[in-house]
Amino acid sequence: MSVNINGLSVDLPSDARVSLLDLLRDHLDLPGTKVGCNQGACGACTVLADGERILSCLALAVQYEGRSVTTIEGLTVEGSLHRLQHAFIEHDGFQCGYCTPGQICSAIGMLREVQRGVPSLVTEDLSSRSIALTRDELRERMSGNLCRCGAYNGIVEAITEFAETSK
Amino acid sequence: MSIKEAAHAVMKKAVQVAPDKWMPGATPDPLIRQKHGLIGTPVSRLDGPQKVSGTARFAAEFPLERMVYAALNYSTIAKGRIRELHTAEAAAAPGVVLVMTHLNAPRMTRVPLFGSNAKAAGGDDLPIMQDERIHWNGEPIAVVLAESQEQADYAKSLIRVAYEAEPSVTTFEVAKASSEQGVFQGEPLLLEIGDAEAALAAAPHKVDVVYRTPRHNHNPIELHGATVAWDGDELIVHDASQCVTHTAWSLAQVFDIEEEQVHVTSPYVGGGFGSKTLWQYQVLAAAASRLAGRPVRIVLSREGVYRIVGGRTLTEQRVAIGAQADGRFDALIQTGVVGMGRHNNMPEPFMLPAKSAYKSGTFRLQVEAARMDMVGNTFMRAPGEAVGTFALESALDELAVNLGMDPIELRIRNEPDKDPTSGVPFSSRHIVEAYVAGAERFGWNQRNPKPGARREGEWLVGLGCATATYPYYRMPGGVARITLTNRGRATVSIAAHEMGMGTATTQTMVTADRLGLALQCVTVEYGDSHLPGVVLAGGSQQTASIGAAVTAAHDALITELLKLAGKESVLSGLDSEDVIGRDGYLCDIHKPDRRESYVSLMARIGREQITVEGTAPPPLEFTHWSMHSHGAMFCEARVSGVTGETRVTRFLGSFDCGRILNPKTAASQFRGGIVMGLGLALMEETQFDERKGRIMNPSLAEYHVPVQMDVPEIDLIWTDIPDPHAPMGAHGVGEIGITGVGAAVANAVYNATGTRVRDLPITLDKML
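These protein sequence lines are chains A and B, in that order. One rule links them: number in my numbering = place in the first sequence (from 1) + 188. One rule links them: number in my numbering = place in the second sequence (from 1) + 7.
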């Protein structure tokens, strides 16, 4: 039984209680994925499973057999930062940096959801195939990622810039 | 007044009346005049790449050989004793290495209580797991160490406890009956000038109301945690800390070893806000590690943080203002009671803003503390000011309504020309400018003073404002080391902290400007107890503390360079104050062409590097001058006429905080404070079960903090006027942002609806 983490095949733990989060942090020494509550309330542990954002604290590692998981460490390619990571630095989208890996992974997953036309609470036309990434759409969709330092404005700027330059 | 308090008062008076020239900061920092350096330019965080890529290692992320994982059990009664404790089943569970309770914990000295010594760090001074006594609901009673976190967590669930409860005080009303005078930083929180009650009674206009604020928890997203290991009698602690030196010294007392034998590192801290100090978890992890002979990783659960790390306490504040028809104050009264733990000393000093905010004929300010059986309450972002400004600035708004006067005009009318209670001059106060500029930018003139007059669909819209204020502090203990190499590179070493404030980046900029080196030629080392200095990241004092220490070290470095360079150098004969660093050179301050590069000087001296240390002068300046940061906060709130829900749709902070060193990181500090202030205003409350003394919402699901959707685009402006008496002309900006926000929101809600909420948070049930 194995799971693919950032392109490498990794054995799943024999203890079925191990969360995907603890597999990453404790077993694989990939501490870029953070723990803020361990109960799905803060978003710090967000990773991408086959491109979808998930909360790794609420996921048992064994459930991800055969799946591909990308963590913050996997976004950096040969030491060079992802454009969204650059944008977070440029717009000061963080202070302490602890929620940041979760924010960045969440934003990447979120932008794919918008692209696919998945509506949110603030989407006005639910039947529309294309959703504009307004400030409110972005804020609503990123509200599952808490930032206690309050870098929310910078996070919006960073994601907006990245989304606009990715078109 | 005790002898200690009397001595304190005499010393204070002496510093107040001493000549200016004896004071630190009497001569403005030369950096204030320097206009073309890095200071004032927006520089991105130097540790940004590590933080965005997940390569920054936080406290609980150091893997050590043979490391085990810890889990804690917490008491479920507020006071009494453990009658029975069954741990055999837990000890026999798979993977368990140790179960530690009071029965087998090593003997330890109590943690020195914060404030009892210059390096004391304890949130309380209770014995830790030394006997069967229980002092609060949530006190740790057992530590389990196991090979994995899952095994430790499971084994912990197998521990069975029976308690013998004793009568406890967990209701505020009962505790208030025997409240005591609060004492903060050696001074009683009591100030009386004239007969304020009589002046209030005689005043033609008055407000006299009571405001309440609940308990709050800091909730940094990084859980409190540490990795600890013993190497013989040496203790290594990778901690999440805003006080590495204090923690090292205090742990040395606990384990009866030398201070140097404890090494605390904390290069990254995932938010602190006052909470990342020394609590029981570091002590318990170290004790268990010693007993088990294994390194320990301990990470509190979110519930665990609520159980054993104190938060901000509740307050009940009476504010009474008596005024003439033209708005001038005859009486300013702010008195009340705060809850306080039985084994700590933190009487949330809500009266502090009122000491310097307004001119008044008379004053009566007092904070009393009501002891309760609860986890020791502690400092949380702008302790005192965050909740004190809610009450004071709401009362100002109420008085303005009473007088039919614009609330900004009322504030300006009571603007003091010197500190209204100490009588000493202000070092730098431009709050009127901040109000004028803020009102202009926010469109204050569009506000209809009549409440409930503006409706947009289901939403009632209102504008409110309030004053923000936080003191300039500098604590004793600032020491910095500078090493200059023959390649013209400098390293500053100081036991300071970076929790996201931008300290490391900003101090690198400042040092580069001071030495006249490029940014990439300067490194700042911090977050390590083996570095020089005692520099608490608290009270917004780090900027000043580091600034004063680096100034002293810089002076020592230049003196040493000039001495060693000798007569051959073109700079021969000049003193340290006659030279200035620029573009990698030391230059004659009056004839900048007369210069020699650091590289050339070092070659002439023939050394690979020179290392000096400098000690900051005693921090007397903020007693001699009244030194504060100021701000004018403007809020637009919308309240649903259907549900009573409040949304903040616009916010402006107009600040006067001395010179802004790095606009990029300072803006994030201001915004971060304002966001936490929005939480204080609208949602944050630690719910305390007064029957059992237990916190009922110990989770991020039930304690609500602002999320992305709660926060509008926050606009900021600042005066950027240097404080001539502060290092770099700058003030710390970490705490002022949260002050005034509660009142600005409450005043906007009043303007929108006509409903005055005097007990925070402003939840929708209070609007119906």
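There could be a bad hint or two in this list.
As the list claims (entries may be wrong) - To give an idea of the interface, some chain A residues facing chain B are shown, with a C-beta separation under 8 Å as derived from the structure:
# : residue
1 : R205
2 : G224
3 : T264
Calculated directly from the structure, the hints in this document are not laboratory data. For clarity, every value in this text was computed on a predicted model and none was experimentally measured. In this text, a Cβ means the ideal position worked out from N, Cα and C, and glycines have one as well.
Are A:T264 and chain B close enough, Cβ to Cβ, to be under 8 Å, as the hint says? 5 Å, holds
Under the criterion of a CB-CB separation shorter than 8 Å, is A:R205 in contact with chain B as hinted? 4 Å, holds
The hint names A:G224 as touching chain B; please verify it with the least Cβ-Cβ distance against 8 Å. At about 4 Å, which falls below the 8 Å cut-off, the nearest Cβ of chain B leaves the hint on A:G224 intact, so it holds.
Comparing the model with each numbered hint stated earlier shows that all of them hold.
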